[in-house]
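Position chain L relative to chain C; hints supplied.
Going down the list, the protein sequences come from chains C and L. Plus 85 on top of the position in the first sequence (first one is 1) and you've got the numbering used here. Plus 85 on top of the position in the second sequence (first one is 1) and you've got the numbering used here.
Hints are computed from structural coordinates only; laboratory data are not their basis. Misleading hints may appear alongside valid ones.
No distinction is drawn between identical chains; accordingly, a pair holds when it is met within one copy or between any pair of copies.
[As the list claims (entries may be wrong)] Straight line, CA to CA, 20 Å or less: simulated SDA-like cross-link-like pairs of lysine to any residue:
#1 K325 - L440
#2 K325 - L441
#3 K226 - A98
#4 K350 - S252
#5 K531 - A451
#6 K469 - F108
Quantities reported herein were computed from a predicted structural model and do not represent experimental measurements.
Number of protein chains: 2
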Amino acid sequence: MTDLTDVLDFVDANLERSLERLFELIRIPSISTEAQYGADCRRAAQWLADELGALDFASFVRDTAGHPMVVAHGPQASGPHVLFYGHYDVQPVDPLSLWTTPPFEPSLAPQPDGETFILGRGASDDKGQLLTFIEACRAFKAVTGSLPIRISMLFEGEEEAGSPSLSPFLEANADDLRADVILVCDTDMWDRHTPAITTMWRGFVSEEFTITAANRDLHSGMFGSAARNAVQLMGTVIGKLRYDDGSVAIPGFYDNVSELPASIKAQWDALPFDAERFLADVGLFVPAGESGRSVLEQIWARPTCEINGVWGGYTGDGFKTVIPAEAHAKLSFRLVAGQDPDHIRTSFRAFVQSLLPADCTATFRAYASAPAQTMPLDGALLGKARAALTEEWGVEAALAGTGGSIPILGEFKKRLGMDSLLVGFAHFDNRVHSPNEKYDLSSFHKGIRSWVRILAAFAE
Amino acid sequence: MTDLTDVLDFVDANLERSLERLFELIRIPSISTEAQYGADCRRAAQWLADELGALDFASFVRDTAGHPMVVAHGPQASGPHVLFYGHYDVQPVDPLSLWTTPPFEPSLAPQPDGETFILGRGASDDKGQLLTFIEACRAFKAVTGSLPIRISMLFEGEEEAGSPSLSPFLEANADDLRADVILVCDTDMWDRHTPAITTMWRGFVSEEFTITAANRDLHSGMFGSAARNAVQLMGTVIGKLRYDDGSVAIPGFYDNVSELPASIKAQWDALPFDAERFLADVGLFVPAGESGRSVLEQIWARPTCEINGVWGGYTGDGFKTVIPAEAHAKLSFRLVAGQDPDHIRTSFRAFVQSLLPADCTATFRAYASAPAQTMPLDGALLGKARAALTEEWGVEAALAGTGGSIPILGEFKKRLGMDSLLVGFAHFDNRVHSPNEKYDLSSFHKGIRSWVRILAAFAE
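Extracted from the complex, chain C is given alone in its bound form (with noise of 0.2 Å):
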């Protein structure tokens, strides 16, 4: 318990210097979905590489065919084999004009109650995540001159793009990859007191799709209630993709989707939640999910399908009184157990194409898809885990679900048979996706003591 205490103090003492580095990976605009960041997710991925290997890992760039990966392998060869996995892409930041300060600038902005933030995209997703367990792994090697297990660590440079290269990476790699269990840290606390091991989390399927009417632009006055306006067709289309009461309207999207068990449903009732609240933060009091569920079960336990963009017609100055002749739109779904994303994808295609005039067609290009997961929860390294935040946080850890997707890890337990450890310090108003995204610096300091406690547990 020496070495711990030590260890601990050592990322108190040198705090200043973790929050340096992670400013310094921020400030590469490492966005995986725009094509002109390509040279920046290269770089970010060699800043990681170059990070690891003066921490005598082995560490390597290895080339896809997108953004490269991050392999390193930590020089200590007994205890139990973790692999650590992350990603060092981030999302795009329009709108621009909504940032208070630039998105790749990061900066501290001191709070009333004591808290401070961490502000730049990123500094949460993932960049601040995965750095507290970079960190707790410096601090071992600074103090104990090597690591208290077997530490290896793969970074990814297109979670948010889908993982496009992962799957056939992790089957080219199994053996150089395969360990006990996977380390993530990509998930929030349950709240800001109370520290969460994620369980089980949805699966998603994204889709593009275009709607053609007339084969050009038509005028409104010549054509106007005559033609088919595609904007129009396209706003009946996603108008009826859910009921009235929040549910999905599309034929079959429900198949296979199980009640909640209760005694589920009663821990996660009995966990502080303020529904209310939870709306409140984002300006919001009418639930938008199905009627007659909770807030945390719609979130966690029911899938649903959310437009993320749409575009068609005139969208600049002025007004330009045109009936469209295509419209397009972007939308995802989010699945839970029982849910197969490519049945969900066919239905909703045919549901498309149900609601189309015989003279108008759709087109439909297919983004990532994953099923829905839950973790076992009788594993030791879980116990550990629980009982090592326990006691740094002073709270018993929530076990929790979430309604994001983490699609890489079915592609850890498909690939290489392995079950993940879900471990986050994010908080839900962390503003990830969104301008002005932040993460505390508390989650950033006692995140990295989590992480050593945890270590240290695994190596009991």
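Same frame as chain C, but now just chain L:
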């Protein structure tokens, strides 16, 4: 009649020079709705003033709060006094990728049937059309040394932007602009062989609105299904604007809309019009207007609502699983006799509000509006113009309606008490407001000849 023949011969002999002038005017990218083309709009105005000055018109470029007006008075003081109105501004050109030739580099494209297309933005609407009148004046001036009647002209540069400066300009310059009748060349022929005078046209209301849900874009994993999605809500609103039978669902929309008199309906039913062909030419075959009404009735005599553009959420490359906080749309209504534009605008806004959950808001921005109009069918000038057109084309000129709107004619009626005579040579397939706009060379050539005959008839 010797004079008339000589003038017509001059038109024929100088067609190439007339075309060169049209090309000069098309080359000026006078897009009125995009701020960066402001100087080009002024350049187009000056070009017109210079051309008319060379024909001994007293011509002026007059400033407004927006793009300038061109006012010109011919030297002739006897005979009826006509005010020719046109607009030198053009529609935006996006999507540029669909143009097969650059929009502001006019060219000729001979067709297999012997016709030749004049290609370019504004070739038809309204540069080609307005030049038919100027070139007719030029021919009179060249052959006879003078104009046959008293002619004034007014060209504006904001027609495609809703003519915001016209009303105050007419009010401030009523005495300078008042004449016996307005002549306008901004409409279609009945078909390739049949000239037409347009005697009724729809009004319109244009509007932009924004729906706001949460106070920021949200992550669909965290909030998906529980938080309202502004784009989804926009889809619901758009989807509910029209019933499945094509009629508009806004309460009060059809207040004071009368059924078409049986006599007019019979005249329209007798016109050579192939509704299937009309739609087939733009790649459609399912009429989208109110069921149980002919396409001509739908377009000329029934009001409608069209979405002209929509945007919201993530629309870039790749994917972003965001729940958009805002969605935007531009839409316009085409109105018929009896509908009050202000009432329609108010009813629309109330309808949108009625569809919003209590925690979402809509904001509205009014663009231009104008009531529908019908011109008197018993005037002497109308009879003379019809006879002159019939003589030039060898087919009796049709008296037709149009689904388009010419709101400025309502302004002329209101401010100056003047009726309008609409003679145009465009065809419904001219792709005005669309990529690859064109004007038939025969429209241009025989359009000039038609005006020569009409002006000669007015002088008798």
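We went through each hint and held it up to the structure:
Proximity of K325 and L440 under a CA criterion of 20 Å is satisfied in both settings, with 9 Å inside one chain copy and 14 Å between copies. Taking the shortest Cα distances, K325 and L441 sit within 20 Å of each other both inside one copy (12 Å) and across copies (16 Å). Taking CA atoms no more than 20 Å apart as the test, K226 paired with A98 passes inside one copy only; the shortest distance there is 15 Å, against 93 Å between copies. In this assembly of identical chains, K350 and S252 lie within 20 Å of each other by CA distance neither inside one copy nor across copies; the values are 34 Å within and 66 Å between.
For the homomeric pair K531 and A451, neither the shortest alpha-carbon distance inside one copy (40 Å) nor that between copies (53 Å) is at most 20 Å. In this assembly of identical chains, the alpha carbons of K469 and F108 never lie at most 20 Å apart, being 31 Å within a copy and 80 Å across copies at closest.
In the structure shown, a violation is registered for the earlier hints numbered 4, 5 and 6, in ascending order.
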